[in-house]
Amino acid sequence: MAIVIGIAPGAFAQAAPQLQDADQLKARQKISMMESVLESAVANGADSLMRQVRAVMPPDALMLTGAPGARGFRLDGYGVFFDVEVPAFRRTMAYTLRAMVDESGLGAGTAVAQLKTYIATVQDPRTRASLERAMRRLELQVGPVGPVPADATARTQTVGAATVTAQTTVVPAPVIDPILVEDPNAVYTREVSSAIVDAMIENSGPLPVADNEWLMVAARDNIRPDRLVPGDTSNISSIVFRIKGSDLAAFRAGRMTLEEARTHVEVKQF
Numbered sequence: 701m702a703i704v705i706g707i708a709p710g711a712f713a714q715a716a717p718q719l720q721d722a723d724q725l726k727a728r729q730k731i732s733m734m735e736s737v738l739e740s741a742v743a744n745g746a747d748s749l750m751r752q753v754r755a756v757m758p759p760d761a762l763m764l765t766g767a768p769g770a771r772g773f774r775l776d777g778y779g780v781f782f783d784v785e786v787p788a789f790r791r792t793m794a795y796t797l798r799a800m801v802d803e804s805g806l807g808a809g810t811a812v813a814q815l816k817t818y819i820a821t822v823q824d825p826r827t828r829a830s831l832e833r834a835m836r837r838l839e840l841q842v843g844p845v846g847p848v849p850a851d852a853t854a855r856t857q858t859v860g861a862a863t864v865t866a867q868t869t870v871v872p873a874p875v876i877d878p879i880l881v882e883d884p885n886a887v888y889t890r891e892v893s894s895a896i897v898d899a900m901i902e903n904s905g906p907l908p909v910a911d912n913e914w915l916m917v918a919a920r921d922n923i924r925p926d927r928l929v930p931g932d933t934s935n936i937s938s939i940v941f942r943i944k945g946s947d948l949a950a951f952r953a954g955r956m957t958l959e960e961a962r963t964h965v966e967v968k969q970f
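Counting along the sequence shown from 1, when you hit position 111 you're at 811 in the numbering used here, and nothing is skipped either side.
Quick caveat, the hints were computed from the structure, so don't treat them as lab data.
The C-beta atom is built at its ideal place from N, Cα and C for all residues, glycine as well.
Treat the hints with care, since some could be wrong.
Stated by the list, open to error - Label-pair distances were calculated between CB atoms; the ranges are:
{"no.": "1", "residue 1": "968", "residue 2": "825", "range": "47 to 57 Å"}
{"no.": "2", "residue 1": "955", "residue 2": "773", "range": "23 to 33 Å"}
{"no.": "3", "residue 1": "821", "residue 2": "890", "range": "56 to 66 Å"}
{"no.": "4", "residue 1": "905", "residue 2": "721", "range": "21 to 31 Å"}
{"no.": "5", "residue 1": "970", "residue 2": "912", "range": "32 to 42 Å"}
{"no.": "6", "residue 1": "967", "residue 2": "823", "range": "40 to 50 Å"}
{"no.": "7", "residue 1": "903", "residue 2": "750", "range": "15 to 25 Å"}
{"no.": "8", "residue 1": "954", "residue 2": "721", "range": "44 to 54 Å"}
{"no.": "9", "residue 1": "826", "residue 2": "890", "range": "23 to 33 Å"}
{"no.": "10", "residue 1": "952", "residue 2": "823", "range": "42 to 52 Å"}
{"no.": "11", "residue 1": "833", "residue 2": "938", "range": "44 to 54 Å"}
{"no.": "12", "residue 1": "920", "residue 2": "898", "range": "12 to 22 Å"}
{"no.": "13", "residue 1": "946", "residue 2": "771", "range": "20 to 30 Å"}
{"no.": "14", "residue 1": "964", "residue 2": "920", "range": "18 to 28 Å"}
Said to hold, decoys possible - Distance condition first, Cα-Cα at most 30 Å in a straight line; then the derived BS3-like pairs of lysine-lysine:
{"no.": "15", "residue 1": "944", "residue 2": "730"}
{"no.": "16", "residue 1": "944", "residue 2": "968"}
{"no.": "17", "residue 1": "968", "residue 2": "730"}
{"no.": "18", "residue 1": "968", "residue 2": "816"}
With these hints in hand, go ahead and build the complete structure from the sequences.
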């Protein structure tokens, strides 16, 4: 009995650090998985912007400053914190996009699409007919916009005694978001922010965040001032997102919808 009692405390003392190391390893693995999720969320936001921009720019004209990166940390007494680097738009891209839109007339095409939507709501037949005639004259200048009428895809012409039906395809001009034209960086920030918020809510289940703790993500541009370029005033812009662990638990338990959980995410920009 004396021998057993003397050895037992030493065995427990050795087992405790091993269990602690295993728990830390599992927590680190979960944080690493969330790092990949946040990097993918930033990439998805960038892809969403690129799909919109490709309507007015060549596929290789949009250049971002690198690839996304994320690093996570467990902060005792606070929760889990992630530092996310977001590839930035260089300022020259914004001016290039605006110039290309102006030269191609796509800004006018967007206006035509909005006017056609308004004309469809006009109740007075005479007024609507007058507006439609004016719209057709305008479309001659900027090109057709929107769906092509069914009867506009076929044209008939007579060649000798035969009647030939010619199929014509009219490619509608793309409708461009006015905000994208004026400030593509604002659209980029919106898309990336939305992707990060949804990733925090939907993919944070395995993270060790207690009800009274926080999940925080600080997203910042990865661009740095170029000291070799005189007058380069580039600076780092950061947006901090955080949500309480109790709100995440309520979402996972079905007591809160995704839309409701989004409203519980605190957002601050620096």
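Inset, instruction - State the violated hints by number, sorted upward, taking the hints as numbered earlier in the document. - result: 3, 5, 8, 9, 18
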